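Asks: Each chain, letter by letter, is given below.
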Amino acid sequence: MATTSVIDELKKSQILELLEQGKRVDGRAFDEPRKLVIEPNAIPKANGSARVRLGDSEVICGIKIQPDRPFPDMGDKGIFICTAELLPFSHPSVETGPPGPDVIELARVVDRGIRESHMIDLSQLVIEKNKSVVGVFADNVVVDYDGNLFDTCAYAATAAILSSKTPKWEMKNDVPTLIEGVELDIPITTIPVSVTMGKIGNHIIVDPNGDEWDSMEARITITTDSNGNICALQKGGNGGFTFD
Amino acid sequence: MATTSVIDELKKSQILELLEQGKRVDGRAFDEPRKLVIEPNAIPKANGSARVRLGDSEVICGIKIQPDRPFPDMGDKGIFICTAELLPFSHPSVETGPPGPDVIELARVVDRGIRESHMIDLSQLVIEKNKSVVGVFADNVVVDYDGNLFDTCAYAATAAILSSKTPKWEMKNDVPTLIEGVELDIPITTIPVSVTMGKIGNHIIVDPNGDEWDSMEARITITTDSNGNICALQKGGNGGFTFD
Amino acid sequence: MATTSVIDELKKSQILELLEQGKRVDGRAFDEPRKLVIEPNAIPKANGSARVRLGDSEVICGIKIQPDRPFPDMGDKGIFICTAELLPFSHPSVETGPPGPDVIELARVVDRGIRESHMIDLSQLVIEKNKSVVGVFADNVVVDYDGNLFDTCAYAATAAILSSKTPKWEMKNDVPTLIEGVELDIPITTIPVSVTMGKIGNHIIVDPNGDEWDSMEARITITTDSNGNICALQKGGNGGFTFD
Amino acid sequence: MGGRDTEIVLLDENGIRCDGRKVDEPRRIMIKAGGLKNADGSAYIEFGDNKILVGVFGPRDVHPKHMSNTDTGILRVRYHMEPFSVTERKNPAPSRREIEISKVIKEALEPAIMLDKFPRTAVDVYIEVLQADGGTRCAALSAASVALADAGIPMRDMVAACAAGKAADTIILDVNNEEDQAGQADMPIGYMPSTDKITLLQLDGVLTPEEFKKCVETGIKGCKIVYELQKKALTDKYFGNGEK
Amino acid sequence: MGGRDTEIVLLDENGIRCDGRKVDEPRRIMIKAGGLKNADGSAYIEFGDNKILVGVFGPRDVHPKHMSNTDTGILRVRYHMEPFSVTERKNPAPSRREIEISKVIKEALEPAIMLDKFPRTAVDVYIEVLQADGGTRCAALSAASVALADAGIPMRDMVAACAAGKAADTIILDVNNEEDQAGQADMPIGYMPSTDKITLLQLDGVLTPEEFKKCVETGIKGCKIVYELQKKALTDKYFGNGEK
Amino acid sequence: MGGRDTEIVLLDENGIRCDGRKVDEPRRIMIKAGGLKNADGSAYIEFGDNKILVGVFGPRDVHPKHMSNTDTGILRVRYHMEPFSVTERKNPAPSRREIEISKVIKEALEPAIMLDKFPRTAVDVYIEVLQADGGTRCAALSAASVALADAGIPMRDMVAACAAGKAADTIILDVNNEEDQAGQADMPIGYMPSTDKITLLQLDGVLTPEEFKKCVETGIKGCKIVYELQKKALTDKYFGNGEK
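Chains as they are written, first to last, in the numbering used here: chain A, 1 to 244; chain B, 1 to 244; chain C, 1 to 244; chain D, 1 to 244; chain E, 1 to 244; chain F, 1 to 244.
Since the hints were derived computationally from the structure, they do not count as laboratory data.
One thing to keep in mind: the hints can contain errors.
Unchecked claim - With a cut-off of at most 25 Å between alpha-carbon atoms, the simulated PhoX-like pairs for lysine-lysine come out as follows:
#1 C:Lys131 with A:Lys129
#2 A:Lys199 with F:Lys214
#3 C:Lys129 with B:Lys131
#4 E:Lys231 with E:Lys32
#5 E:Lys237 with E:Lys32
#6 D:Lys117 with B:Lys199
#7 C:Lys11 with D:Lys37
#8 F:Lys32 with F:Lys106
Unchecked claim - Simulated restraints on C-beta separations:
#9 A:Thr96 with C:Asn173: 45 to 55 Å
#10 C:Ile81 with A:Glu9: 54 to 64 Å
#11 F:Thr72 with E:Ile225: 56 to 66 Å
#12 A:Glu183 with E:Arg120: 48 to 58 Å
#13 B:Glu183 with A:Glu183: 49 to 59 Å
Stated by the list, open to error - Covered stretches of chain B (in silico footprint by chain D; criterion: 3 or more residues with CB under 8 Å from a CB of chain D, positions within the stretch not fixed):
#14 96 to 105
#15 108 to 116
#16 224 to 230
Bear in mind that the values here come from a model prediction, so they are computed numbers and not experimental data.
Note that CB positions come from ideal geometry on N, CA and C, so glycine has one too.
Please model the entire structure based on the sequences and the hints provided.
Replies: Written out as structure tokens, the structure is:
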């Protein structure tokens, strides 16, 4: 994110120079992600939650589960919606207000990674077909920014979903009614893993930190499921990739 | 529209000078509209459509027909709504964003011309009285601007409505349900015709082109029905008309 | 309101100097409010209304009463909503557009004063429990500004409510249906009174006028009910109060 | 022009309308110049049951600066209805109808105002409809002219406005709300008597060309009645009530 | 102050509240200074089940420039709740309640900050409610003071905040969510101990004048408890954990 | 990737797809350079039932100025769908999907454009989807490249785009709407043939690593087909229709 931060050209050339020597600014190998810390249930009153730190990027994801109307033509499926917001203290360059294209893309890429992996079996989240289904909302808030929010948010959302318990509703008088005291597991079919790589010069690096992020020409985010299949991918940035 | 375009004062005085000699910039007679080209069904997947060129002004109107709730106190009438948008490539001065007063007026004048003529017999577009009616949406998009969008949009909307077929719905379990394979004509009672005149100096000209539009002090748009009756009229511009 | 008006430092120090001598700019005693004029039923076609002048501040409040859905978990209560708007001619500094924080606070403080006093017995405004209730909307518009809109709006809203008659609805086929020709009194339990005080230097003055308002460090609005109990209070301004 | 079935007799056998008026008789009209404390000029009109306040500021500086014009002053008009002014409570946000009427009134006033006398500055006209009863735009335009005169804005003449229309197959003056709903045509007219110029002209509904002509003539007669009351309002304010 | 029928015993025969506390006992409070990587100062508070993060930037440049003040610095405060912080998922757009609380907290902090020490610049306080449990504004205000101190902003004192209120006819300290819903009054207080100044004061609910006095005194006691924890949080961060 | 039960046979025993195509056969493609009167460059594409217009302005001045860059030109892209372009009428306001696609297309075009040749200015690409049929982003990107070339913007190459995907366990070229809804994967690709660079790459749906590789190769073949048609469109416009 942090598109408004103008990185010093000097820093940029330093990063590139180091890469030419096979080194990264923070000493990592090219294919080495930063340290990942996951704290599940960070928000106990939510239906699920996780606080995730990937290096110095930090995201909290909270899950709210509540009855909703199904989408048209999707009456036999629950709803999954994933959002993202950069909290204004996550970086000096962040501005309050409605999300810009960067944040919208971030939310949609994280959403698709989880959706396309079929992590949640949405067919089990139907209260009454065509009338009422269960909606799972995964809201990511970025607490600290240091590059690669794609993976940080993806890990937070995934961990938060895994920590979730869902209430149970039944239709009474055409209204979805909470059954008190019942808590169900969310139906999980697989665990998607997101990996984001950046391209600087001709070098591909995994999990770029904030300075690397600002120096990249292009990036690619690949989500794989538990079987090693690729289930979502997004190229970004104003450069191109060669296929090999 | 293009109200933001500042026309050269020179051009303005040239236009007026020519008018004093009984001539228009493009050689037309004062009461002569530009060439009109109508291509119906330009958008085959819409319920109706037309692409209309009036000189170098060009508008595409697409019709979508779908069930809707009736307006309060209008439970025995279908719904007709007409919109207008200037696509950003229609003129260098057009800006994206919500429509300004000019475009809102344009849409409402075209809407009233069709509505007040009773072109569509809305009383035949009722699925179940007070519960569900048929809504006819006529969305005009301006592809190229060269003055007089009032008439260009009115012709596009009228031609698109004439080209429309409507699906059929019936109420099942209180829900309007599509009857597959049935296509009905829209009930038409008359064909409204819009004529817009501009006033430059003391001269009244029909169908002003873009340069003339920017030089006008006032304009008047008159819509007549098939019987020659006047069914809608709108004066615009910051000048006045004398009645005679 | 009128936070955008920059008051002359001179005027400010003059006001303070006078206060040090025990005097106010308009000759009032420190605890003396301005002249209050109430014209009930100023908008006869509304369900209730009042035009209130407090010195040179003037507010019209109109009441609309109509069926509404109850709030969740509040199915046995009617709805009361109070708004405020500064009409653009009420002061040269007022701008059109969505309400800013000042106006939002104003509306919410007036709303709470009436709500917390339980002036309207909302439990009597239920058409059918959990399905349909009566909504009472009190919309305040500020016609002229000269300080202390909190009390002016509170008096206008209170007087407008007292002048109101409510139509009667009954459920027919699950729809709230107007019973023609019936007009009921609104159930009133108490009459709240709002008093706003400003602090300039170490002086506390009641009902500050516009110039005093711009010179205040802090203000406090206290609403009492007919029994002399305090039912709502709001401190404002960027200064502090000492409690005594 | 709903043209809906109605039990109302719009015109009885003696040529008397549903509110007791003759065909060429306007509703009760009361115009007052001044009244607002903070505006540079103001006016209040009661036209039938319409109650409308207008306040004027200017000529004053334009913010942002780039919207000003070095050659001429600019006129800005806002027409706005209070939430309590109509039968169903109106959402406070400006509707498309209000935006169009603001533009139409602005263009009806511009020919009357000597904008070139105050380059780089703006005149703001704020119209607030407190109670609406059909024909608000004519009443508002008439009051706005008086408020502009009260503010000392240099004008060529005042614009007087009144509607004519058709109901029960008869051309009538000053269409009221019932006649607008159940009648056949409504034509608001704005007119500058000194120059015999029409500055506002709209029509909704169906008229033959002969009826159209008669309608305009009838409307202009109404404008002349309004014009006398406008002048009287200013005389009453500035030279005392000469009629006493 | 719903005052709804409820089965909850707010105060038992031994003077013990529904969550096990005594009448003058606050909930568990934990305050931590620092924590965020990118903010200039930050704090985290747990107050009962409230979890709130505050980040501060500044003094920094103001954009757009015309919003800055050559004589003084400006303070900007945003209070915001995460979608997952409350029982029903909250819409991410700022609510009127959030806008009012932002203003109230801003005005409660301003008397504590030496704004005149940093003219032309701004200090931004961003408050994010991760989990809400009644009394968020007091917890937020207390944490904001610590975050400002952590950022090195020159201050006269910290503002400590705590609510008092009334439930089961008894004045209690630190109203929790159940007591707020079913109780009789809630009074948030912000207080600067060194100058004995109240900078935030609100009241919802009904109190006699005697109860009001007792309520303020009780609240100030709570503020003093919070104040000690605020100081401890800063001491722990800057001088090591002296209590170990 | 709804993966919904469907009656459609996506691939029959002869390897023929539901619309009669072979697995490696694109839909009917027609590209035309030019066409718009007021844009600096334009193109029209029909790709299957997709109908898309693209207009380009620039290089031109940037407003507001601070958004321009003294070192390089900037590219702005808007992808927008007409209300009538899809089955259910689309709300005219830009959706999150449209905002993301605008960004993805912008970043796919940037590697092709010599932005450093026109510092301080902007190139605007406006994409309007008149009729949508699956694969709009590829069709739009291909047309945008032609429109940019038509506008004379200095480019390294054109970007050609086509999707590949998986349906009925087979890798197929140019996924149509039914295959997108009922199929297993969709992978839009943007490609610059002269430099062998991929500038757009997305994937929704599940692929093994081998399938992924084949999918990319298949997509690139499609891009090369499109590339020939892009060149032909420009040749036809600028050197006459050489195929006649």
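Asks: Now, for every hint given, state plainly whether the structure supports it.
Replies: Hint check results:
Taken as a hint, the C:Lys131 and A:Lys129 pair is honoured in the structure, with Cα atoms around 24 Å apart against an allowance of 25 Å. Our distance criterion of 25 Å between C-alpha atoms is met by A:Lys199 and F:Lys214, whose separation comes to about 23 Å. Note on C:Lys129 and B:Lys131: the hinted pairing holds, with a Cα-Cα distance of about 24 Å set against a maximum of 25 Å. A C-alpha spacing of about 10 Å is found between E:Lys231 and E:Lys32, which places the hinted pair at or below 25 Å, so the restraint holds.
For a cut-off of 25 Å, the pair hint linking E:Lys237 to E:Lys32 stands: about 8 Å separates their Cα positions. In summary, the hint linking D:Lys117 to B:Lys199 is supported, as the alpha carbons are separated by about 24 Å, within the 25 Å threshold. The straight-line distance between the Cα atoms of C:Lys11 and D:Lys37 is roughly 20 Å, inside the 25 Å bound, and the hint therefore holds. With a CA separation close to 21 Å, the supplied pair F:Lys32 and F:Lys106 stays within the 25 Å bound.
Distance hint check: the CB atoms of A:Thr96 and C:Asn173 are about 47 Å apart, consistent with the given range 45 to 55 Å. Between C:Ile81 and A:Glu9 the beta carbons are some 56 Å apart, a value that agrees with the proposed interval 54 to 64 Å. Take F:Thr72 and E:Ile225: their Cβ atoms lie about 58 Å apart, and the range 56 to 66 Å holds. Checking the proposed 48 to 58 Å range against A:Glu183 and E:Arg120 shows it holds: the Cβ atoms sit about 55 Å from each other.
Our hint of 49 to 59 Å for B:Glu183 and A:Glu183 holds, since their Cβ atoms are close to 51 Å apart. For a cut-off of 8 Å, the count of residues in the segment 96 to 105 of chain B with a CB near a CB of chain D stands at 4, and the three-residue condition holds. Note: the segment 108 to 116 of chain B has 3 residues with beta-carbon separation from chain D under 8 Å; the three-residue rule is met and the coverage holds. Here the segment 224 to 230 of chain B counts 4 residues with a CB under 8 Å from a CB of chain D, which clears the bar of 3, and the coverage holds.
Violated hints are absent here; each numbered hint is respected by the structure.
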